[in-house]
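*Asks:* All chains, full assembly: derive it from the sequences and hints.
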Amino acid sequence: MYSEKVMEHFMHPRNVGQLENASGVGEVGNPTCGDIMHIEIIVADNKIEDIKFKTFGCAAAIATSSMVTEMVKGKSLEEAQKITNRAVAEALDGLPPIKMHCSNLAADALQSAIKDYLGKSS
Amino acid sequence: MKLVYMDHSATTPVDQEVFNTIKPYYTDVFYNPSSAYSPAQKVRKAVEKAREQVALLINALPEEIIFTSGGTEADNQAIISYAITNMEKGRHIITSAIEHHAVLDSCKYLINNGFECTVIPVNSLGVVEPETLEKAIRPDTILISIMHGNNEIGSIQPIKELAEIARENQIAFHTDAVQTMGKIPLDVKALGINMLSGSSHKFYGPKGTGFLYLKKGTRIGRLLHGGSQERKHRAGTENVPGIVGLGKACELAGERLPEQVERLTKLGKRLTDGILTTIPNTRLTGHPVDRIPGSVSVCFEFVEGESILLMLDQLGIMASSGSACTSGSLDPSHVLLAIGLPAEIAHGSLRLTLGKDSTVEDVDYVLQVLPPIIERLRQMSPLVR
Ligand code: FES
Chain R
1 MYSEKVMEHF MHPRNVGQLE NASGVGEVGN PTCGDIMHIE IIVADNKIED
51 IKFKTFGCAA AIATSSMVTE MVKGKSLEEA QKITNRAVAE ALDGLPPIKM
101 HCSNLAADAL QSAIKDYLGK SS
Chain E
1 MKLVYMDHSA TTPVDQEVFN TIKPYYTDVF YNPSSAYSPA QKVRKAVEKA
51 REQVALLINA LPEEIIFTSG GTEADNQAII SYAITNMEKG RHIITSAIEH
101 HAVLDSCKYL INNGFECTVI PVNSLGVVEP ETLEKAIRPD TILISIMHGN
151 NEIGSIQPIK ELAEIARENQ IAFHTDAVQT MGKIPLDVKA LGINMLSGSS
201 HKFYGPKGTG FLYLKKGTRI GRLLHGGSQE RKHRAGTENV PGIVGLGKAC
251 ELAGERLPEQ VERLTKLGKR LTDGILTTIP NTRLTGHPVD RIPGSVSVCF
301 EFVEGESILL MLDQLGIMAS SGSACTSGSL DPSHVLLAIG LPAEIAHGSL
351 RLTLGKDSTV EDVDYVLQVL PPIIERLRQM SPLVR
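Just so you know, the sequences run in chain order R and E. Going by the working numbering, the residue at position 90 of the first sequence is 90; the numbering climbs one at a time, nothing skipped. Going by the working numbering, the residue at position 329 of the second sequence is 329; the numbering climbs one at a time, nothing skipped.
These are calculated hints, taken from the structure and not from any lab test. Be careful, since some hints might not be right.
Have a look at the derived ranges for each label pair, beta carbon to beta carbon [to be verified]: (1) E/V384 - R/G94: 39 to 47 Å; (2) R/K115 - E/A343: 21 to 29 Å; (3) R/G94 - E/A10: 25 to 33 Å; (4) R/G119 - E/Y109: 51 to 59 Å.
Backbone N, C-alpha and C define an ideal beta-carbon position, used for all residues, glycine too.
*Replies:* Set out below in C-alpha cells:
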C-alpha cells in the first residue's frame, strides 16, 4: 500500500522530538481522522535552522511529518512557506488516495509554526 | 523471517484434512448434485452429509441448515428476507450497536424500504443488557438480531436470556455466530433462537461458504432466485467443495472444541496479562472473562493503530486494529465507540486473535517485541508531554 520511501521515513523518521528554544510552534489536528501533529522550529537569519516534530497518527502522517522537516531544514522562510502538501506527498513517491489528507497535516503544522514565529517576531 | 499470524478473526487457513476431503469434488466428483445420473448421487450424498455435520455441531436438524455463500449472505437473508416475508406482522426490527456491518447494513436496507430499526446500545464491556432489549420492544417488532460473539472486542452476548425475551414477545431471534462457531459450544435448541449465521473460513474451512440455521416453522423467503436448491430457500448450484469443506470443518471443530477452548483461553490470558503488565496506559477492551477464547483486544493511549500494525508487520506479526486510520471510511470502529471509548483512545486499538496453530512461543515473541514498538511510537507522540 505504501511506497518504499514512505516506509523508510516511517521506520526511520528524521527530526523527531522537541526543541529547547523554539522560535515557532505549530500544532494542528486532523479533522478527518483525529490525528495530531506538532512542529517546532528555530529560525535564525531568516532560515529554519532546526526543526523537530511529534506526531500522533498513521504511518503516512509520521512519514509526511518526517519528510516535511527534512525538506525545509536549512531553507529560508520564503522557501518553506511555499511547501505544499502535494510537494510532500510527491517527495515520498506518492501516497494512497485515502491517505492524502495526512499530508495536509504536515504542511499545515509547518505553516502554523512559521506563522507563530512571524507573529512573535513582528 | 518468522511469520506469526494473529488475525484468526479475519480468516483462518484451511485445515489440511479439510483440504484433502474437498479436493476430489473439484475434479473427479464434479457433478451437479441435482442431476439424475447415478454418479451425481454421490455428490448429493456428500452435500447432505455436510448438512448433518453442520447440524450436529450446533444441535440442529439437518433440514434446518441452508447453505449460503458465507456469513454475509446468511445475515442478509436472515434479516432482509425474514422481514419482507413477515412484514404483515409488523415493520420494526431491533439490533445492537456492535453488530457486523452485514447486519447493520441489512437493517439500513430495510430502513430505506419502509421498515424501522432500533439500534440498542451495549454496556462498557460490550454486552447487550437484557433490560435494554426489553425496553426497545414495540408491538410491531418482528425481529431481533444480536450477535453471539463480537469480532473486535470478543465479548460474548447473553443470547439465551435475550432470546427468551424475544420468545415471550413472539418475536423471531437471529444471532450472527460467525465469530463463535467452532470456537465455543453452540446449541441452538438450548439458546432458543430461530436463526443463526455461520461462516466456514473462520474455523479452518474454505472461504465462500457459510450457512443459515433456520428453525423449523420459521417462515422466510429467499434472497437469491432462480432454482429450487436448498428446499427453495437459496437458488443456485451448490458450492459443493465449499459445502463439503464446511461440513468437515464442523466435524473437526466438534472433536477439538473442549481442548481448544481450554488452550486458547490460557494462551489469550498469557498474551493479555503480558501486555497489560508490561505496557503502561493500556486497557483491555470487551469483557474480561466472557470473551471468545484467544481473542485479545487492547487500546494503547497516545499512539495510533495503523502505525502499530505496520511496525508489527515489519517483524512478521499479522494483526488488526479498529483505528480510524486503518478503516476505509477514516472513522474509528463503531464497536469501540459503542463501548464508550473516546475517539482518541479507539485510535490506539490493537486486536490479536489466536488460533489452533498459535503457540506459546508466538505469544512470547509478541510480548517481547510489542513493548518497544509502543515505546517508540510514544516517543514520537505529541500527546506524551
Ligand atoms: S493520520 Fe489518520 S489516516 Fe493518516
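*Asks:* Taking the hints in turn, state whether each one holds.
*Replies:* Evaluated hints:
1. Between E/V384 and R/G94 the CB atoms are about 30 Å apart, so this pair departs from the stated range of 39 to 47 Å.
2. A hinted range of 21 to 29 Å holds for the C-beta pair R/K115 and E/A343, which are about 27 Å apart.
3. Checked against the given bound of 25 to 33 Å, the beta carbons of R/G94 and E/A10, roughly 27 Å apart, stay inside it.
4. One distance hint, 51 to 59 Å for the beta-carbon pair R/G119 and E/Y109, holds here, with the actual separation near 53 Å.
Violated hints amount to a single one, hint 1; each of the other numbered hints is respected by the structure.
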